[in-house]
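S.K.: Listed below, chain by chain, are the residues.
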Amino acid sequence: GAVVSQHPSRVICKSGTSVKIECRSLDFQATTMFWYRQFPKKSLMLMATSNEGSKATYEQGVEKDKFLINHASLTLSTLTVTSAHPEDSSFYICSARTGNSYNSPLHFGNGTRLTVT
Amino acid sequence: DQQVKQNSPSLSVQEGRISILNCDYTNSMFDYFLWYKKYPAEGPTFLISISSIKDKNEDGRFTVFLNKSAKHLSLHIVPSQPGDSAVYFCAASGGGNTPLVFGKGTRLSVIA
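Residue numbers (my numbering), protein chains in the order written: chain G, 1 to 117; chain W, 1 to 112.
The set of hints was computed from the structure by calculation and includes no laboratory data.
Idealized CB from N, CA, C, for every residue including glycine.
Take these hints with a grain of salt, some might be off.
Some but not every residue of chain W turned toward chain G, in silico, with C-beta under 10 Å [what the hints assert, rightly or not]:
1) Gln2
2) Val4
3) Asn7
4) Pro9
5) Leu34
6) Tyr36
7) Ala41
8) Glu42
9) Pro44
10) Ser49
11) Gly83
12) Leu100
13) Val101
14) Phe102
15) Gly105
Straight-line C-alpha distance at most 25 Å; calculated SDA-like pairs for lysine to any residue [unchecked claim]:
16) Lys42/G / Ser10/W
17) Lys104/W / Ala70/W
18) Lys41/G / Asp88/G
19) Lys55/G / Pro99/W
Taking CB as the label site, the calculated pair distances span [stated by the list, open to error]:
20) Ser15/G / Pro82/W: 21 to 29 Å
21) Gln60/G / Pro79/W: 25 to 33 Å
22) Ser9/G / His76/W: 26 to 34 Å
Turn these sequences into a full structure, and let the hints guide you.
M.R.: In structure tokens form, the structure reads like this:
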């Protein structure tokens with residue numbers, strides 16, 4: 001079946017450094033990928049929609065200069081957390097649809113637990 | 001303003017009994033609803049969905065009911081199994097390329 005692979009699963013970094021998270025669609029092409037963030041005991045919050053070959057669309061309140069998204073190919077989207085701070089510590093999850101219809105279910109990666117010290 | 005609400009943060013059910021997870025929404029433009037299941041340290045996995053033109057969709061032990069007039073949907077799991085213990089997210093979509101809106105999730109614990 002369709003698989004979305006996310007790497008790394010866990011990362012610990014020092015405050016001020018940047019961290020890159022990769023999201024790959026393994027057996028399908030994804031023109032659009034979605035990046036979510038989950039706070040403890042909170043819902044999944046959409047951060048941005050990653051569009052292959054064009055700029056990402058960011059949700060209100062998400063700093064595009066802090067959370068850089070690159071969708072250079074049909075199977076890879078990356079999220080870079082720049083100049084990370086402890087408040088950026090969170091669980092980041094990417095997802096993609098296998099079909100073109102908006103009713104096609106989203107398939108999620110296993111997420112990345114980011115801890116900024 | 002939360003458009004998708006799961007008012008029960010947790011639910012405990014005995015193995016073999018029915019689990020009922022509830023979800024309410026406020027946006028009348030939503031026309032497609034999904035349930036996702038999430039284990040700790042993993043991404044959510046798709047469970048079952050329902051279109052607004054239906055009021056029931058069944059897949060094995062899982063059934064989703066939709067009451068459009070009440071803007072309410074529920075997920076029934078019967079019989080519940082210990083492996084069903086997870087966080088369940090309700091999500092809604094308004095069509096086109098609009099993103100899914102998720103509820104906060106309900107943690108289900110199935111006790112053996």
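S.K.: Would you mind marking each hint as holding or not holding in the structure?
M.R.: Hints and how they fare:
1. Hint on Gln2/W holds. Least Cβ distance to chain G is approximately 8 Å, under the 10 Å limit.
2. Against a cut-off of 10 Å between C-beta atoms, the interface hint on Val4/W holds, since the closest Cβ of chain G lies about 8 Å away.
3. Interface restraint check for Asn7/W: the shortest CB-CB distance to chain G comes to about 13 Å, outside 10 Å, so the restraint is violated.
4. The beta carbon of Pro9/W comes within 7 Å of a beta carbon in chain G, closer than 10 Å, and the hint placing it at the interface holds.
5. Taking 10 Å as the C-beta cut-off, the interface hint given for Leu34/W holds, the closest approach to chain G being about 6 Å.
6. A distance limit of 10 Å between C-beta atoms decides the matter here; for Tyr36/W the minimum to chain G is near 8 Å, and the interface restraint holds.
7. Given the 10 Å rule on beta carbons, the hint for Ala41/W holds: about 7 Å separates it from the nearest Cβ of chain G.
8. Checking Glu42/W against chain G: minimum C-beta separation of about 5 Å stays under 10 Å; hint holds.
9. A cut of 10 Å between beta carbons decides the hint on Pro44/W: the least distance to chain G is about 5 Å, and the hint holds.
10. Here the hint on Ser49/W is kept, as its CB sits about 6 Å from the closest CB of chain G, short of 10 Å.
11. For Gly83/W, the suggested interface contact is broken, since its CB lies about 18 Å from the closest CB of chain G, more than 10 Å.
12. Among the interface hints, the one on Leu100/W holds; its C-beta lies about 6 Å from the nearest C-beta in chain G, closer than the 10 Å criterion.
13. Below 10 Å, beta-carbon pairs count as interface contacts, and Val101/W has one with chain G at about 8 Å; its hint therefore holds.
14. For Phe102/W, the interface hint holds, the least distance from its beta-carbon to any beta-carbon of chain G being 4 Å, beneath 10 Å.
15. At a threshold of 10 Å, the smallest CB-CB gap from Gly105/W to chain G is about 7 Å, leaving the interface hint in force.
16. With a C-alpha separation of about 13 Å, the suggested pair Lys42/G and Ser10/W falls inside the 25 Å cut-off, and the hint holds.
17. Using a Cα cut-off of 25 Å, the hinted pair Lys104/W and Ala70/W holds, with the two alpha carbons roughly 20 Å apart.
18. About 16 Å separates the Cα atoms of Lys41/G and Asp88/G, which keeps this hinted pair within 25 Å; it holds.
19. A distance of roughly 17 Å separates the Cα atoms of Lys55/G and Pro99/W; the hinted pair therefore holds under the 25 Å criterion.
20. Checked against the given bound of 21 to 29 Å, the beta carbons of Ser15/G and Pro82/W, roughly 41 Å apart, lie outside it.
21. Checked against the given bound of 25 to 33 Å, the beta carbons of Gln60/G and Pro79/W, roughly 43 Å apart, lie outside it.
22. A hinted range of 26 to 34 Å holds for the C-beta pair Ser9/G and His76/W, which are about 33 Å apart.
In terms of the numbered hints stated before, the structure departs from hints 3, 11, 20 and 21, listed from lowest to highest.
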